[in-house]
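Q: As given, the protein sequences belong to chains A and B, one line each in that order. Take the first sequence: its letters are residues 0 to 433, numbered as in numbering that gives the first Met the number 0. Take the second sequence: its letters are residues 0 to 433, numbered as in numbering that gives the first Met the number 0.
These are computed hints drawn from the structure, not numbers from a lab. These numbers were taken from a predicted model, which means no experiment stands behind them. Keep in mind that a hint or two might mislead.
Which copy is meant is left open, because identical chains are indistinguishable; a pair holds if it fits in one copy or across any two.
Unchecked claim - Think about it this way: if two alpha-carbon atoms lie no more than 30 Å apart in a straight line, the pair counts; the simulated DSBU-like pairs of lysine-lysine are:
no.: 1; residue 1: K390; residue 2: K49
no.: 2; residue 1: K37; residue 2: K49
no.: 3; residue 1: K375; residue 2: K72
no.: 4; residue 1: K37; residue 2: K287
no.: 5; residue 1: K37; residue 2: K72
no.: 6; residue 1: K341; residue 2: K390
no.: 7; residue 1: K341; residue 2: K37
Protein chains: 2
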Amino acid sequence: MQEVNVGIVGLGNVGSGTISILAESADQIALKLGFRLKVAVVCSRSVAAKSLPDGLDGVLRTTDWRDVVAHPKVDVVAELVGGTGVAREIIDGAIAHGKSVVTANKELMALCGSEIWDRAIQAGINLAMEASVAGGIPIHAVLREGISGDRVIALKGILNGTSNFILTEMEKHGEPMEAVLAEAQRLGYAEADPSADVDGYDARSKLAILSALAFGERITPTDIYVEGIRRISPLDFRYAHQLGHTIRLVCSADQTHDGLILSVRPALIGQSTILAGVQGAYNAVWVKGFYGQDTFYYGRGAGPSPTGVAVVSDLMRVAREIRSGSPERVSPFAHERLGEYKPVSVRSQRRPYYMRFRVNDRPGITAALAGILAAKHIGLEAVLQQPCDTKHDLPFVITTETTSENAMCEAVEEMSRLDFLNQPPLVLPMEPPL
Amino acid sequence: MQEVNVGIVGLGNVGSGTISILAESADQIALKLGFRLKVAVVCSRSVAAKSLPDGLDGVLRTTDWRDVVAHPKVDVVAELVGGTGVAREIIDGAIAHGKSVVTANKELMALCGSEIWDRAIQAGINLAMEASVAGGIPIHAVLREGISGDRVIALKGILNGTSNFILTEMEKHGEPMEAVLAEAQRLGYAEADPSADVDGYDARSKLAILSALAFGERITPTDIYVEGIRRISPLDFRYAHQLGHTIRLVCSADQTHDGLILSVRPALIGQSTILAGVQGAYNAVWVKGFYGQDTFYYGRGAGPSPTGVAVVSDLMRVAREIRSGSPERVSPFAHERLGEYKPVSVRSQRRPYYMRFRVNDRPGITAALAGILAAKHIGLEAVLQQPCDTKHDLPFVITTETTSENAMCEAVEEMSRLDFLNQPPLVLPMEPPL
Chain A
0 MQEVNVGIVG LGNVGSGTIS ILAESADQIA LKLGFRLKVA VVCSRSVAAK SLPDGLDGVL
60 RTTDWRDVVA HPKVDVVAEL VGGTGVAREI IDGAIAHGKS VVTANKELMA LCGSEIWDRA
120 IQAGINLAME ASVAGGIPIH AVLREGISGD RVIALKGILN GTSNFILTEM EKHGEPMEAV
180 LAEAQRLGYA EADPSADVDG YDARSKLAIL SALAFGERIT PTDIYVEGIR RISPLDFRYA
240 HQLGHTIRLV CSADQTHDGL ILSVRPALIG QSTILAGVQG AYNAVWVKGF YGQDTFYYGR
300 GAGPSPTGVA VVSDLMRVAR EIRSGSPERV SPFAHERLGE YKPVSVRSQR RPYYMRFRVN
360 DRPGITAALA GILAAKHIGL EAVLQQPCDT KHDLPFVITT ETTSENAMCE AVEEMSRLDF
420 LNQPPLVLPM EPPL
Chain B
0 MQEVNVGIVG LGNVGSGTIS ILAESADQIA LKLGFRLKVA VVCSRSVAAK SLPDGLDGVL
60 RTTDWRDVVA HPKVDVVAEL VGGTGVAREI IDGAIAHGKS VVTANKELMA LCGSEIWDRA
120 IQAGINLAME ASVAGGIPIH AVLREGISGD RVIALKGILN GTSNFILTEM EKHGEPMEAV
180 LAEAQRLGYA EADPSADVDG YDARSKLAIL SALAFGERIT PTDIYVEGIR RISPLDFRYA
240 HQLGHTIRLV CSADQTHDGL ILSVRPALIG QSTILAGVQG AYNAVWVKGF YGQDTFYYGR
300 GAGPSPTGVA VVSDLMRVAR EIRSGSPERV SPFAHERLGE YKPVSVRSQR RPYYMRFRVN
360 DRPGITAALA GILAAKHIGL EAVLQQPCDT KHDLPFVITT ETTSENAMCE AVEEMSRLDF
420 LNQPPLVLPM EPPL
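Extracted from the complex, chain A is given alone in its bound form:
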């Protein structure tokens, strides 16, 4: 029984999770595949200091990734370094040496996935990236194979565990953003610089990859409107609950008559929807197919073991392809492929909206705001005001009927001239039920 040999580059969280599974489940994996999947080389800048799991003691260690991609025994390289610098060199190097590649790199695949995939196909090697989005959820296998016979018309996801943890904690305990973020940092759920998570950039990379897969379209992160969760306060949860909703950082791809509308932004979602049930650091993806209608996928978004499962599952699939001599067949980023899904501006999206104001109270405020909305032909649905002990910084909420994002932006622009507003209004779309 001939084996397939793996080279691992990067022994951080994901790398450690991956080699633990490969070592502990070596026999199981061999029984599932019909041949052994062997770790031949591991590479890390601090490889001397790393203790490898039992069963990997004889493995070649190196601090230079070139030793991995050039190693004659290595059939497939797992790039688990992350980032867009050396990771790109590693993948290009592996492809140049005719090695197949498994990557967990969302940033790089979101930015250069199309290019890398073209190169892989030209070289006749396999490329797999299950671990790049929603660690524990096998959403790539689902989109690539499971429902490949369907035509995806919409996709919504909760793809950043850190911001979901922050929002659900804020919802539960009524504490302000800053306090919850500090707690998340203390627990290791959030980075010292939390921007990638709370400003939506991490989720945006993931949505770029998922929508490329789902719509067969070339999507780059800059095609996606992004807005983070920093302006959400416990107060907004109280208003949202009053409206039967909650607030989540929603990644959304919507096929409309105008084109594909892509956004990552905090939004109101119905409290009884299945997406609202996604708590803490979990991730979820909801897919609407033209034929199969709703399907929903849920699991851990990150962590060494769930992400390790994704990498190992990819290694197993690629190893099978290598053994049966079949290269990757069609790029998921083939933008010439389906072609009907051109990204368009979020400004053409139509939704009901939630607007939260903070005002220096005086008579005539509602009339002024309602007047601006009316001038833009935006119907007013409700005006809500929860008890408050100050007149100088009084919060209240207006919800609108379904209107275009464009009209809302124009209305907000007009409102910026009103001297009673202490800050620009917070505007959140209210997502229709799944």
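Chain A is fixed; fit chain B onto it per the hints.
A: Below, chain B alone, put in the same frame as chain A:
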């Protein structure tokens, strides 16, 4: 660009859904695959009376499945006839002619999957059966590829849409089983003979297939304890709600120290759990992996289009394999493969239990029942009695602490001798939260 040719046997619900998608999405499918997937032959007993979708007008029609499996152009046969009779002949015939096979046949694959798979591997052809379980949910792709690097330790599912529709309607409207079943029959959700659905046999076949896939073990339907929903009444939902639970027909596979415990039975599940949110004719599968922990999958359980997506996705995968010359590699039913998961009796399962009695009321009843439980070392958790206007057929509920199914069975046996019971107690396990 060379095409791959498909023969379709069976033009019922699933067959019609399948050929509609193949016809309408022909160009999309070709773009996704890089080659065309062409319907070459269709077979149905009433094929002359069937109107085929546009684009399939030139297709060969036959009433004899032998014409399909023997047709020199056909590369892959879709068996969409169902049942265990002629369907088996069709699949065997296709394999004998070296054709790959896609099937939606849960009954046959649950009963003879292992044998059929062995034959397919010997013949070097591909076999796929995504549509056999939970139509719209790509759970086969998930287990076969998506999380193949994990080790599944438990699996729970709602796999029969009809019984889930009946239970959720009963819960919502408080109507008795018989009325809801009649309504489901009127709507076409339930068959004239509803036994396969309401007695759990349909779900049992599906669980047999899923657990074979998940645990790499040969599971036959008779390894699975089965109990239907006929004894559930609206009253049970009222008690369940009082306990913070609801009732669903739960398919469960649990890896324990004793072995693999498999059951299909109505059970109490926490009202706030994600599984309890599965309403109406939807299906869901929850998987617990040793490494990846919880993942959850949800979608339509049946219907021509969702099941058609599963068949078409399988056809696309198999067509790719045919084009790249790679046969199916390892049987999902390889019972010699992982080997650690032997099915054992449900009697060794440990759960808290819900017992609902109907008694001819008199003093001493609780004492008598509690005495029997105590003698079996079963701890009593709560005694609940909702208002009732008759003493002659008084319902009430006892819940127990965690105990073995075996002890419960012995207690129920003892209770059968008590003359104040109007019927044997209804005993439902209370499932721990996912």
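Q: 30 Å Cα cut-off: does K37 pair with K49 within a copy, between copies, both or neither?
A: within (19 Å within a copy, 54 Å between copies)
Q: Measure nothing new, just compare the shortest in-copy and cross-copy C-alpha distances for K341 and K37 to 30 Å and report within, between, both or neither.
A: This pair counts as between: shortest inter-copy Cα distance 28 Å, intra-copy 43 Å.
Q: Within, between, both or neither: how does the pair K375, K72 come out at a Cα-Cα threshold of 30 Å?
A: neither (66 Å within a copy, 62 Å between copies)
Q: If the cutoff is 30 Å on CA atoms, where do K390 and K49 land: within, between, both or neither? Let me know, please.
A: neither (60 Å within a copy, 72 Å between copies)
Q: Please work out whether the CA atoms of K341 and K390 approach to 30 Å or closer within one copy, between two copies, in both situations, or in neither?
A: neither (47 Å within a copy, 69 Å between copies)
Q: Reference check for the pair K37 and K72, CA-CA at most 30 Å: within, between, both, or neither?
A: Close inside one copy (10 Å), not across copies (41 Å); limit 30 Å.
Q: What label fits K37 with K287 when the C-alpha limit is 30 Å: within, between, both, or neither?
A: Classified as between; 26 Å across copies, 39 Å inside a copy.
The structure fails to meet hints 1, 3 and 6 from the earlier list, while all remaining hints are met.
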